[in-house]
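Using the hints provided, position chain B relative to the given structure of chain A.
There are 2 protein chains.
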Amino acid sequence: MNEQTKLRTIGANLPRKDAQEKVTGAAIFTDDISLPGMLQAKVLRSPHAHARVLRVDASKAQALPGVVAVATRDDFDGMSPFYGYLIKDQAVLATDRVRYIGDMVAAVAAENDATAYQALDLIEVEYEPLPSLPEIATALADDAPELFDGDKPFGVANPYGTGASGYVYPRKNVCYQFDYETGNADAFARCDHVFEDTFTFSRLQHMHLEPFVSVARWTIDELEIWSASQSPFVVRKELARVFAHPENKIRIHVPYIGGGYGAKNACKTEPLAALLARKARRPVRLRFTAEECFLTNTQHASIHRLKTGVMQDGQLIARKSEIFLNSGAYADASPLVAEKAGYRINGSYRWQHIDTKCYCVLTTTAPAGAFRGFGGTQAAWASESQIDMIAHRLGIDPYDIRMKNLLNLNEPYVPAESGIDSDLREGLSLVADRLGYRNRRRRRGRGMGLSVVVKDGGGANKPAHAFVKATTTGGVIVGSGTTEIGQGSTTALTSIAAEVLNCERDRVSLTPVDTHASPYDQGTFASSGVAIMGKAIEIAANKVKREVLAFAAEDLDCDPGDLVLQDWTIRRGNEVHPLAPMIMKHFGGPGFEFVALGYYKLPADHDAPLETKIPYWENGWGGAEVEVDEETGQIRVLQLIISSDFGRAINEGACRGQDEGGAMMGLGQALFETMVYDGDTLLTPSPLHYRVPLASDLPDRFQSILQEQGRGPGPFGTKGGGESGILTVASAIANAVEDAVGVRITDLPITPEKVLAALDRQKADGEA
Amino acid sequence: MNEQTKLRTIGANLPRKDAQEKVTGAAIFTDDISLPGMLQAKVLRSPHAHARVLRVDASKAQALPGVVAVATRDDFDGMSPFYGYLIKDQAVLATDRVRYIGDMVAAVAAENDATAYQALDLIEVEYEPLPSLPEIATALADDAPELFDGDKPFGVANPYGTGASGYVYPRKNVCYQFDYETGNADAFARCDHVFEDTFTFSRLQHMHLEPFVSVARWTIDELEIWSASQSPFVVRKELARVFAHPENKIRIHVPYIGGGYGAKNACKTEPLAALLARKARRPVRLRFTAEECFLTNTQHASIHRLKTGVMQDGQLIARKSEIFLNSGAYADASPLVAEKAGYRINGSYRWQHIDTKCYCVLTTTAPAGAFRGFGGTQAAWASESQIDMIAHRLGIDPYDIRMKNLLNLNEPYVPAESGIDSDLREGLSLVADRLGYRNRRRRRGRGMGLSVVVKDGGGANKPAHAFVKATTTGGVIVGSGTTEIGQGSTTALTSIAAEVLNCERDRVSLTPVDTHASPYDQGTFASSGVAIMGKAIEIAANKVKREVLAFAAEDLDCDPGDLVLQDWTIRRGNEVHPLAPMIMKHFGGPGFEFVALGYYKLPADHDAPLETKIPYWENGWGGAEVEVDEETGQIRVLQLIISSDFGRAINEGACRGQDEGGAMMGLGQALFETMVYDGDTLLTPSPLHYRVPLASDLPDRFQSILQEQGRGPGPFGTKGGGESGILTVASAIANAVEDAVGVRITDLPITPEKVLAALDRQKADGEA
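The listed protein sequences derive, respectively, from chains A and B.
Quick note: the first sequence uses our numbering, first residue 7, plus one each step.
Quick note: the second sequence uses our numbering, first residue 7, plus one each step.
Treat the hints with care, as some may be off.
[What the hints assert, rightly or not] Part of the chain A face toward chain B, derived, beta carbon under 8 Å:
no., residue
1, E27
2, A32
3, A246
4, E253
5, N254
6, K255
7, K410
8, N467
9, K475
10, T477
11, T478
12, V482
13, D520
14, Y526
15, F593
16, L603
The set of hints was computed from the structure by calculation and includes no laboratory data.
Ideal Cβ placement from N, Cα and C applies to all residues, glycine included.
Just chain A, same shape as in the assembly:
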């Protein structure tokens, strides 16, 4: 499958299309949008983790000169103020209760920031504190109060549906539960060994450079929003419901986005900005500070209880998992994350029995939502740690236990699911070789660890629409709902059109997303942009190409099959016919544009466990070598080798950037990052307190191996990627630490303190 056609743009590793703009600062982000008369908005947030809101009096704030509008729960006229990805439980501003420190209670739109801040101080709020439930355990305790009993959330149990009916939680303070079972539970009885281990994953921040920000303007009854949103059509749908306003009168523009990693997947600032703008009758910019971003969305902390049955020879047989996700105060994307965290917990191995339960637990902390890897990060951490632990217990090399149990090419992930589309053993072998795993010299204090992950990619049920236009002189313009969030979609999508239309990539431009003009897209998520939307663009570009060739064939009185399109000329044998004069002759005036829509959607398959089959698998492999200082517990990463199968890399630099960027996020998760709470209070409330990897933390040897196994359904065999890079790192490092010093850390991040404590225990056990 590695034989690939020589292409012109694909594989040429051109510079990023947006590089110059971004490096020079010329690129336009939402925060650069400035409308005449625009006001600045600031938010009053709850100082209580859980409290009843007895009184909100904004009259003094409203009277402050320079304040144009103050919004509170009293401004919900004609609205359904609750929103949420699936479960509508989060109010635009607090109604009867606040549920975490930072919950939004009121907001001010004023002529400038200073006035807005001043006005916040004048808003009087009276609270009646209620018991807080900061942890999964406290929220699940028998005597825990219900977080939602007054203003009942609504939504639907089926995350793929929608509705406005009252929604019933599966358990108290559990807003969603995912169950999956296949095979026979008797399988455990046949196992030689059953191992039970628990892993915890820490609460993390997305740390997107650009904060949550939007600008809203009402023109009579048309709402226009500029937003840093990964999923503008989702936001439009929510706003339509929240404001009881027709979708055709809501228009959302998305300039460049400064990173999102899942956090910008649904409404954040938009409903409140729209409410303030409606009240102020002027445009409003609502931009959160970095501290507010910490209070707005997080990655789920989680607890994974894995019970895994194996044979003596290392054959994996059965796994029962109980996963608890800390959803924070509101459901947000928790139900979807739970589905994926549960579905991905068993990794890319062959099982005879799987029994998974994943619970979304509401707590009085900041809401958790989508995060790169979407539950898979947590799953991979737990599963790939336990695989190593099992190998050690059985005296099998962790490499060998993986090789033995990995799914074969084309073998279904689970029954009725699509087959694995990478040679998983080839990938693991590549990484192990680069790492020098198999011929390493064992020495106390140094160790290597491996990890193999699989993530269902592409947003299985996702329809993709795109257009391609070609102007009289051969300028190509591509439009789709895929947002450029830094992942390189502009680079990739223009390259696909350039390849099909056989022109320089410089002759192809992308239209920024605008829900009024861009063809529909469900959102930029699930690594779907290049493979799924790219496919729609490939289809549209091919239609344009066919139309152009048919047009030229008519002009030249020949068969389209005899013609080749190249650089907006038509080649017939040795003849070269420029297209522009041909078009002008036919259409006159200012000429013409060839235009076509492309539509791509995999057929739904309701037999598949997640209602449709997965279009492709993001398979990733990672290996780490560490040196552990047994005096300090300090871990030095000597080598970090990661690899992903992109099917075909549309742009090598962009693919490596995604993979290596993901791996650096993974390194942060493994070693440093954690949102530390003291009860309900966040002790690391900003980037100043929250430790991310620095350039000096780079492993001594940090390499990505780009695989192009060629089996993706996307253009030219691409699969899309960008999420598998993050998945392998934490488990590979934990596995390497055990390999180095024999202690197993099951609780992220792997800090020197934890390593030292484990070494102390090891020593004590040894002495005992």
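Just chain B, lined up with the frame of chain A:
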């Protein structure tokens, strides 16, 4: 043909879609666009009608604090600075010569208007005056200097082509000539009478409320422009050529336009705004004052020499026409106007021989370009005046001579042309009846006049692309390149989609034009928006409807033919199935949009005289009754009755608005409006000096008769309209004046002075 299906939105005469926005001032026009860091631009203009530019020194201006960029002819690096509709003869800023008072020489972009104006004073320009040629006669004189001999223009002879080859004028200072001949010249010899008359049409202003304005921004090498342009794709093409820049890197947005009447049909402010923004490296707004608009574009003054052969019984036989258009200093749209002024000179009558020559004469005055009616205004004035004069000379009633000679329904306008698609006699009869023409009591000082006009509509060769999208909840969004210039396209185009999709018009929105996102359109001209673009929208909406019905039929397991779409529900017999849940069930997540492209273009027909057949005819009828005060020469319009055949009125109010608005412009042309020159100097240089009709000038009885003869090729039989209203008025009034007092004015406007002078001559002739 008057039997018409009962429709829901079409014919319901709903309020204008943009009414509330515009009445409240909320509507966004180009001048409302304000970008961060935006500079204001001002232009230094020539004080000479014709001069060599010896020296331009902008150094002092450039040094003024607050000035960011000064542009002169020295800034044309990498550019082809000459632009023009077809003939590329107008430089972004003067190169070697200036050719009229007001020609642009230099421009400043500064932090504010005051600084920019101050800087203009610091620019030193040295001129060497050359002989001026203000009139058609002086420009055609044997000893006249050539206006273009240094920097030769380029372009092509065929106005429907394009190219960059050197362009050769047909005669000295004649930039274009249109010739058309059909039948045999011997026809004149068979005529009982041959009448030769000359008519002149005065130089007029468009008087669009919104001035020429654009905002330009370069982001690295992407040029983005907001412009009040009727034809953004034309502007894009010109800018691409002028800046040698790929079309995919030029993006033009068009907000609401505050009127254009043809003046905003091609580049005006855009190339200069782009040049300044490129040099300043900041966004630039270039907005002309009302005075500058007077110096930028005008309607062609013209001279018409008509030689018409007739039989004693009033049968029209042959006409030879020589038409001279005063094109001003640059060609602009003159070639196209010449084609139409020539093609339309013979009106809607049956001829055995036609011989037309129309010349575009360059003079040292402001350029003339497209104007509502596009040459037809001048043609109708001359032709419909002469028809009356001939009737009087033959002693035939002007009504009868028209009835005798009007083309029949479906009779080709000229050989090989499409047939006339209105019953012309029915229309004339309607107007005459409403006027009380046939049973009027004759009395000195009071008179009635009639006029029948025809204008080929629709932009014959024009391709139209549009898209229609329907959201999950039934919001409909329509996109096309048709700009809303006040003509009501938003109202009409959304109504067409609403009708097809059987929903409230409020559920349909239009996307403002953006060359990156809107489907291609050659421009908003030739009354083509509703009929031609409307057709593309109708096609797209029908595709969406078919897709929706097919989707629902699959869900309901039945035949699409059994289903009816109504208000985003599916009706099957008495069952009502809402679509949104059906869509959510199938697509999940945020749902789906149905989207389709519509494409409409009449087939080209190279046998037709103008290279393709006319898609429809804008037929108009007018009648006036006047009272002439023989003491003062003052004309009081007692009645003005106008009528047009819209085929089918998509929105009655909008159609009447177009027709009546046009008629008021015609009233201005007839009685008041004229740009008065003293040599090269304009004596009426602003709206303060230039007399347009006031509310008090409204005729005592002013009525429009809306005909819907149902034969248009557009949606529901519509033809588009808005230009015929202006065409009949001047001739109807001149005809009424002759009917009232026996004097014939052949020179517009029909001022009291001219009437008095004619009455004096009449008296002198009577006494002689």
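Against the structure, the hints come out as follows:
A distance limit of 8 Å between C-beta atoms decides the matter here; for A/E27 the minimum to chain B is near 5 Å, and the interface restraint holds. Because the beta carbon of A/A32 sits about 5 Å from the nearest beta carbon in chain B, less than 8 Å, this interface hint is met. Given the 8 Å rule on beta carbons, the hint for A/A246 holds: about 6 Å separates it from the nearest Cβ of chain B. About 3 Å separates the beta-carbon of A/E253 from the nearest beta-carbon of chain B, less than 8 Å, and the hint is met.
Annotation: A/N254 was flagged as interfacial toward chain B, and the flag holds, the nearest CB pair being 3 Å apart, inside 8 Å. The closest approach between the C-beta of A/K255 and any C-beta of chain B is roughly 6 Å, which is under the 8 Å cut-off, so the hint is satisfied. With 8 Å as the threshold, the beta carbon of A/K410 stays out of range of chain B, its nearest partner Cβ sitting at about 37 Å, so the hint is violated. Checking A/N467 against chain B: minimum C-beta separation of about 5 Å stays under 8 Å; hint holds.
With 8 Å as the threshold, the beta carbon of A/K475 comes within range of chain B, its nearest partner Cβ sitting at about 7 Å, so the hint holds. The criterion of a C-beta within 8 Å of any C-beta in chain B is met by A/T477, whose closest approach is roughly 4 Å, and the hint holds. This hint holds: A/T478 has a C-beta 7 Å from the nearest C-beta of chain B, less than the 8 Å allowed. About 6 Å separates the beta-carbon of A/V482 from the nearest beta-carbon of chain B, less than 8 Å, and the hint is met.
Taking 8 Å as the C-beta cut-off, the interface hint given for A/D520 holds, the closest approach to chain B being about 6 Å. Here the hint on A/Y526 is kept, as its CB sits about 3 Å from the closest CB of chain B, short of 8 Å. With a least beta-carbon distance of about 6 Å to chain B, the hint placing A/F593 at the interface is held under the 8 Å criterion. Because the smallest distance between the Cβ of A/L603 and any Cβ of chain B comes to about 6 Å, under 8 Å, the interface hint for this residue holds.
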